[in-house]
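Visitor: Chain by chain, the residues:
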Amino acid sequence: MERLILDNDIKLICKKTENTPRIALTCFVDIKEKENTPGVYVMLNRLFTQGTKTRTAEQIAYEIEKNALDIYSEMKSDYWKFSLLCLKEDFETAVELLSDMMQNSTLETFNKELEKLRGETIASLDSPTVKARDEFVRNLYQNHQYGHSGILILENIENITKEDVSKAYEDIFKPAQKVFSVVGDIAKEEAKAILEKYFANLQSKEEEPKHVKVELNGRKVVKIPKKDANQAQIYQGWFVPGLKSKDSAAISVLNTILGSSGLSSRLFLELRDKKGLAYTVRSIYTKLRQIGDFRVYIATEPKNIKVSLEGFKIEIDRLKCELVSEKELYDAKNNIIGKVEFLTETNLQKAGTMAAYEIEGLGFDYLSKWLEDIKKVSAQDVMDVANRYLNENYVLTILAPQEAMKEI
Amino acid sequence: MIYQNKTEVEYPYLTKPVEIYTMPSGHKIVLAHKEGGLVNISTWVKTGSINEDDKINGISHFLEHLMFKGTHKHKAGEFDKTLEGYGAIVNAATWKDYTFYYVTLPKGPDDKYFNEAIELHADMMLDPILPEDELGEPFEFGKQEPKQKRERLVVIEEIRMRKDQPGTRVYNALNNAMYTSHPYKRDVIGTPDIISSVPQSVVMDYYKKFYTPNNMTTIVVGEFDSEKILKKIAKEFDFKGRENCEPLIYNIDVPQNTPKYIELRGHLNTAFMMFGYLGPKAADLKNAVGLDIVNMVLGDGASSRLYQRLIEQAEEKIFNHVGTDFYQFRDGGNFFLDANFEPDKKDRAIELVKKEIQHILDEKVTPEELQKAKKKLKVAYASTSETVSDIADNIGFYMTVLGELEKANEYNKIVEAISAEEVQEIAQRYLDLSKVTIAVMLPE
Numbered sequence: 001m002e003r004l005i006l007d008n009d010i011k012l013i014c015k016k017t018e019n020t021p022r023i024a025l026t027c028f029v030d031i032k033e034k035e036n037t038p039g040v041y042v043m044l045n046r047l048f049t050q051g052t053k054t055r056t057a058e059q060i061a062y063e064i065e066k067n068a069l070d071i072y073s074e075m076k077s078d079y080w081k082f083s084l085l086c087l088k089e090d091f092e093t094a095v096e097l098l099s100d101m102m103q104n105s106t107l108e109t110f111n112k113e114l115e116k117l118r119g120e121t122i123a124s125l126d127s128p129t130v131k132a133r134d135e136f137v138r139n140l141y142q143n144h145q146y147g148h149s150g151i152l153i154l155e156n157i158e159n160i161t162k163e164d165v166s167k168a169y170e171d172i173f174k175p176a177q178k179v180f181s182v183v184g185d186i187a188k189e190e191a192k193a194i195l196e197k198y199f200a201n202l203q204s205k206e207e208e209p210k211h212v213k214v215e216l217n218g219r220k221v222v223k224i225p226k227k228d229a230n231q232a233q234i235y236q237g238w239f240v241p242g243l244k245s246k247d248s249a250a251i252s253v254l255n256t257i258l259g260s261s262g263l264s265s266r267l268f269l270e271l272r273d274k275k276g277l278a279y280t281v282r283s284i285y286t287k288l289r290q291i292g293d294f295r296v297y298i299a300t301e302p303k304n305i306k307v308s309l310e311g312f313k314i315e316i317d318r319l320k321c322e323l324v325s326e327k328e329l330y331d332a333k334n335n336i337i338g339k340v341e342f343l344t345e346t347n348l349q350k351a352g353t354m355a356a357y358e359i360e361g362l363g364f365d366y367l368s369k370w371l372e373d374i375k376k377v378s379a380q381d382v383m384d385v386a387n388r389y390l391n392e393n394y395v396l397t398i399l400a401p402q403e404a405m406k407e408i
Numbered sequence: 001m002i003y004q005n006k007t008e009v010e011y012p013y014l015t016k017p018v019e020i021y022t023m024p025s026g027h028k029i030v031l032a033h034k035e036g037g038l039v040n041i042s043t044w045v046k047t048g049s050i051n052e053d054d055k056i057n058g059i060s061h062f063l064e065h066l067m068f069k070g071t072h073k074h075k076a077g078e079f080d081k082t083l084e085g086y087g088a089i090v091n092a093a094t095w096k097d098y099t100f101y102y103v104t105l106p107k108g109p110d111d112k113y114f115n116e117a118i119e120l121h122a123d124m125m126l127d128p129i130l131p132e133d134e135l136g137e138p139f140e141f142g143k144q145e146p147k148q149k150r151e152r153l154v155v156i157e158e159i160r161m162r163k164d165q166p167g168t169r170v171y172n173a174l175n176n177a178m179y180t181s182h183p184y185k186r187d188v189i190g191t192p193d194i195i196s197s198v199p200q201s202v203v204m205d206y207y208k209k210f211y212t213p214n215n216m217t218t219i220v221v222g223e224f225d226s227e228k229i230l231k232k233i234a235k236e237f238d239f240k241g242r243e244n245c246e247p248l249i250y251n252i253d254v255p256q257n258t259p260k261y262i263e264l265r266g267h268l269n270t271a272f273m274m275f276g277y278l279g280p281k282a283a284d285l286k287n288a289v290g291l292d293i294v295n296m297v298l299g300d301g302a303s304s305r306l307y308q309r310l311i312e313q314a315e316e317k318i319f320n321h322v323g324t325d326f327y328q329f330r331d332g333g334n335f336f337l338d339a340n341f342e343p344d345k346k347d348r349a350i351e352l353v354k355k356e357i358q359h360i361l362d363e364k365v366t367p368e369e370l371q372k373a374k375k376k377l378k379v380a381y382a383s384t385s386e387t388v389s390d391i392a393d394n395i396g397f398y399m400t401v402l403g404e405l406e407k408a409n410e411y412n413k414i415v416e417a418i419s420a421e422e423v424q425e426i427a428q429r430y431l432d433l434s435k436v437t438i439a440v441m442l443p444e
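Heads up: the protein sequence lines correspond to chains U and Y, in order. Its first residue numbered 1, the first sequence is counted upward by one per residue in the working numbering. Its first residue numbered 1, the second sequence is counted upward by one per residue in the working numbering.
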């Protein structure tokens with residue numbers, strides 16, 4: 001792994017992995033400023049594939065698929081993430097195409113793309129799981145940019161204008177800080193030369209992010225009636241500190257013990273194996289730049305809502321009142337350390353991880369430092385973070401038939 | 001020699017050929033070398049809903065859940081807890097032709113985790129107890145409250161989950177209507193009535209009947225010494241003279257001569273639709289490759305005909321999504337088209353999709369389309385070499401559904417050679433509109 005600097009001062013992280021089939025490239029483009037209307041950044045993201053000064057959307061799609069390239073962009077909470085995956089023989093062709101998409105987007109098909117966004121969002125919300133999660137995120141993060149969920153975007157879709165998107169492209173995207181990473185069977189010099197050739201005019205400016213404060217005071221219950229739901233979808237979630245918090249390692253260990261380690265977590269054992277309440281039950285820890293959230297989730301027969309919530313409470317109270325055993329702590333840490341190998345197994349995973357940490361200012365090799373923090377977590381640390389964050393200020397979102405939610 | 005037969009098969013981007021050993025018991029062991037710290041150990045069993053009838057529908061999948069509930073050596077939960085404590089990902093999956101169990105994990109200091117994973121995995125595969133108290137007492141679903149809320153209820157929750165997904169409901173309705181008699185017509189997960197009431201003894205009998213040496217292939221992918229690992233697997237997979245199972249043969253369904261149409265209703269805002277066709281057996285590679293090419297041209301990706309014509313260049317907005325897929329099954333694959341559209345434009349949506357299918361029957365794919373499809377298939381195959389799990393899954397699929405890994409290389413040669421004329425002939429053979437089954441789900 002090595003950090004190189006392109007001629008235009010943009011950072012490039014490189015790692016050579018021999019005898020692997022495809023080269024991976026990622027480019028992270030930082031978002032330092034909140035969008036004025038929910039959906040503007042999503043629309044910009046969609047329009048990258050919809051035409052440039054010299055290529056139509058159809059030509060872009062054809063060129064991508066003719067060479068069996070994987071090129072796509074994703075709208076993340078704190079950045080746009082571009083990913084590229086291709087055989088070595090196609091690397092330069094793919095980089096040229098990506099460069100054109102990022103730098104010469106015309107945004108001309110705005111109206112059509114807006115209608116596609118509307119249709120796809122409505123269709124995705126026909127899944128109760130998606131709808132419950134979307135409502136949870138919106139209600140937890142409120143007016144913060146992290147809460148710009150599908151439902152909120154739909155509510156504001158008439159207010160998204162081409163001018164807003166164009167302004168975001170010129171004023172936010174183009175000057176934003178950018179980090180590239182390339183992982184695969186390619187020499188770093190070759191990767192650097194190709195990027196310098198096609199991204200010579202790309203700008204990148206480091207800026208301090210504008211933080212927006214968000215908090216919860218008390219319990220907020222959101223009920224989403226769905227009359228024919230076979231299962232209740234339940235999310236309960238709390239704010240926790242963001243990515244760079246010193247508590248991040250302890251919360252990760254807590255998450256593993258409570259509900260993210262697969263078949264052996266406490267929620268899985270107690271609510272699924274012993275009580276037969278669910279097929280899916282877990283906890284999820286999301287670390288974002290400004291703030292994070294910790295949530296527990298279960299999908300269960302609607303008549304089990306109350307007993308599921310009691311089950312959540314019992315397990316969370318246990319974490320607050322009883323020190324986890326040394327064996328459980330040791331296993332949880334080992335689980336995290338082992339899982340890191342999975343998260344960095346493919347070239348694309350390696351590229352994505354390195355660039356993500358680099359753009360956050362943590363350094364591309366941060367993962368190894370974070371694992372050292374994991375090793376230092378004590379049972380007391382786990383109990384402390386449980387008490388500090390899993391308190392009475394939370395959002396509870398339930399999607400179920402109306403009558404099943406009466407007592408909640 | 002501890003094995004009866006050994007063959008070697010080249011595999012893309014691996015430094016050594018894949019070694020396939022047939023043991024005297026009939027058990028197959030496959031070793032694939034991929035350098036790195038992670039290993040994958042899996043066992044694929046040649047059974048799934050293909051070996052079920054109306055009385056035991058869902059038993060393959062229920063057994064898969066129960067295999068994790070302890071052995072004579074290790075009580076329920078020990079397997080998961082031990083291996084997840086090493087950072088392992090442990091799971092299993094059941095489908096129509098197969099059930100497979102896997103562990104992916106770091107090898108650990110001096111291969112400690114690796115060796116222990118092999119021991120635990122073999123123990124689980126060969127000596128499951130299926131304890132009554134882990135199943136929970138049988139009960140009459142919808143009429144009785146279960147006395148013990150255990151694994152039966154977990155699977156019933158999984159069934160509920162699937163009922164809430166509109167796409168899954170449409171697929172199940174379509175799948176059921178596409179077949180007349182073949183066991184593929186049933187939903188792999190079964191029904192709450194069966195899962196709530198099936199006795200433990202019936203599940204155990206099913207295990208004994210199908211989890212036989214000749215029905216199992218154990219695959220190890222990672223960096224290791226072949227001789228040592230072969231010996232280890234052979235030692236741990238001691239079947240103790242367990243009898244083999246003769247493969248069951250089923251009558252293959254013949255496609256209908258007139259289209260079928262099913263309509264469902266749900267609490268929705270958009271409409272879901274699937275077209276389905278019966279296809280060739282998985283081992284019939286020429287026809288399978290032809291349908292893979294049709295799939296790429298017609299409905300895979302943003303440059304596909306369906307996406308371009310029905311979404312990107314559509315004169316009126318009807319579709320939110322449209323694409324195709326081709327599933328391979330031992331006794332005959334399925335070609336699918338799935339779409340999401342505006343509910344009040346159902347007739348127009350069906351008409352437009354039919355028009356595109358007719359077009360691919362009437363005219364050959366263009367040289368550019370053919371070249372693009374071939375490249376995509378080549379890269380898709382290369383991408384199966386990226387992780388130990390991907391390699392294991394691909395090997396397991398070929399060994400279990402097609403019968404041999406050599407078919408993978410044969411497949412790639414056919415992809416290179418197939419012509420536009422042949423693709424058209426294959427499309428005409430399988431995708432005639434008189435043979436289609438259509439399922440649509442609309443808002444109530």
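It is worth saying that the hints were derived from the structure and are not from the lab. Wrong hints could be hidden among the right ones.
[Stated by the list, open to error] With a straight-line Cα cutoff of 20 angstroms, these simulated DMTMM-like cross-link-like pairs (lysine to aspartate or glutamate) come out:
| # | chain 1 | residue 1 | chain 2 | residue 2 |
| --- | --- | --- | --- | --- |
| 1 | Y | Lys374 | U | Glu63 |
| 2 | Y | Lys345 | U | Glu120 |
| 3 | Y | Lys413 | Y | Glu223 |
| 4 | U | Lys16 | Y | Asp110 |
| 5 | U | Lys66 | Y | Glu416 |
| 6 | U | Lys275 | Y | Glu416 |
| 7 | U | Lys174 | U | Asp164 |
| 8 | U | Lys32 | U | Glu206 |
| 9 | Y | Lys375 | U | Glu63 |
| 10 | U | Lys188 | U | Glu58 |
| 11 | U | Lys303 | Y | Asp110 |
| 12 | U | Lys116 | Y | Glu223 |
| 13 | U | Lys188 | U | Glu270 |
| 14 | Y | Lys260 | Y | Asp393 |
| 15 | Y | Lys378 | U | Asp185 |
| 16 | U | Lys339 | Y | Asp347 |
| 17 | Y | Lys378 | U | Glu155 |
| 18 | U | Lys303 | Y | Glu35 |
| 19 | Y | Lys81 | U | Glu326 |
| 20 | Y | Lys107 | U | Glu270 |
| 21 | Y | Lys107 | Y | Asp193 |
| 22 | U | Lys339 | Y | Glu132 |
| 23 | Y | Lys16 | U | Glu115 |
| 24 | Y | Lys375 | U | Asp70 |
| 25 | Y | Lys317 | U | Glu115 |
| 26 | U | Lys32 | U | Asp78 |
| 27 | Y | Lys149 | U | Glu270 |
[Unchecked claim] Take a look, some chain U residues computed to stay more than 10 angstroms from chain Y by CB distance:
| # | residue |
| --- | --- |
| 28 | Asp9 |
| 29 | Lys53 |
| 30 | Lys116 |
| 31 | Thr129 |
| 32 | Asn143 |
| 33 | Gln231 |
| 34 | Asn335 |
Since the model is a prediction, treat every value here as computed from it, not as a measurement. In this text, a Cβ means the ideal position worked out from N, Cα and C, and glycines have one as well.
Visitor: All the hints need checking, so say for each whether the structure fits it.
Guide: Hint by hint, here is what the structure shows:
{"no.": "1", "hint": "Y:Lys374 <-> U:Glu63", "in the structure": "holds (14 angstroms)"}
{"no.": "2", "hint": "Y:Lys345 <-> U:Glu120", "in the structure": "holds (16 angstroms)"}
{"no.": "3", "hint": "Y:Lys413 <-> Y:Glu223", "in the structure": "violated (29 angstroms)"}
{"no.": "4", "hint": "U:Lys16 <-> Y:Asp110", "in the structure": "violated (26 angstroms)"}
{"no.": "5", "hint": "U:Lys66 <-> Y:Glu416", "in the structure": "holds (15 angstroms)"}
{"no.": "6", "hint": "U:Lys275 <-> Y:Glu416", "in the structure": "violated (54 angstroms)"}
{"no.": "7", "hint": "U:Lys174 <-> U:Asp164", "in the structure": "holds (14 angstroms)"}
{"no.": "8", "hint": "U:Lys32 <-> U:Glu206", "in the structure": "holds (9 angstroms)"}
{"no.": "9", "hint": "Y:Lys375 <-> U:Glu63", "in the structure": "holds (12 angstroms)"}
{"no.": "10", "hint": "U:Lys188 <-> U:Glu58", "in the structure": "violated (33 angstroms)"}
{"no.": "11", "hint": "U:Lys303 <-> Y:Asp110", "in the structure": "violated (50 angstroms)"}
{"no.": "12", "hint": "U:Lys116 <-> Y:Glu223", "in the structure": "violated (47 angstroms)"}
{"no.": "13", "hint": "U:Lys188 <-> U:Glu270", "in the structure": "violated (50 angstroms)"}
{"no.": "14", "hint": "Y:Lys260 <-> Y:Asp393", "in the structure": "violated (34 angstroms)"}
{"no.": "15", "hint": "Y:Lys378 <-> U:Asp185", "in the structure": "holds (18 angstroms)"}
{"no.": "16", "hint": "U:Lys339 <-> Y:Asp347", "in the structure": "violated (49 angstroms)"}
{"no.": "17", "hint": "Y:Lys378 <-> U:Glu155", "in the structure": "violated (43 angstroms)"}
{"no.": "18", "hint": "U:Lys303 <-> Y:Glu35", "in the structure": "violated (50 angstroms)"}
{"no.": "19", "hint": "Y:Lys81 <-> U:Glu326", "in the structure": "holds (14 angstroms)"}
{"no.": "20", "hint": "Y:Lys107 <-> U:Glu270", "in the structure": "violated (30 angstroms)"}
{"no.": "21", "hint": "Y:Lys107 <-> Y:Asp193", "in the structure": "violated (43 angstroms)"}
{"no.": "22", "hint": "U:Lys339 <-> Y:Glu132", "in the structure": "violated (33 angstroms)"}
{"no.": "23", "hint": "Y:Lys16 <-> U:Glu115", "in the structure": "violated (51 angstroms)"}
{"no.": "24", "hint": "Y:Lys375 <-> U:Asp70", "in the structure": "holds (12 angstroms)"}
{"no.": "25", "hint": "Y:Lys317 <-> U:Glu115", "in the structure": "holds (8 angstroms)"}
{"no.": "26", "hint": "U:Lys32 <-> U:Asp78", "in the structure": "holds (7 angstroms)"}
{"no.": "27", "hint": "Y:Lys149 <-> U:Glu270", "in the structure": "holds (11 angstroms)"}
{"no.": "28", "hint": "Asp9", "in the structure": "holds (32 angstroms)"}
{"no.": "29", "hint": "Lys53", "in the structure": "holds (19 angstroms)"}
{"no.": "30", "hint": "Lys116", "in the structure": "violated (7 angstroms)"}
{"no.": "31", "hint": "Thr129", "in the structure": "violated (8 angstroms)"}
{"no.": "32", "hint": "Asn143", "in the structure": "holds (26 angstroms)"}
{"no.": "33", "hint": "Gln231", "in the structure": "violated (5 angstroms)"}
{"no.": "34", "hint": "Asn335", "in the structure": "violated (5 angstroms)"}
Of the numbered hints stated above, those contradicted by the structure are hints 3, 4, 6, 10, 11, 12, 13, 14, 16, 17, 18, 20, 21, 22, 23, 30, 31, 33, 34, listed in ascending order.
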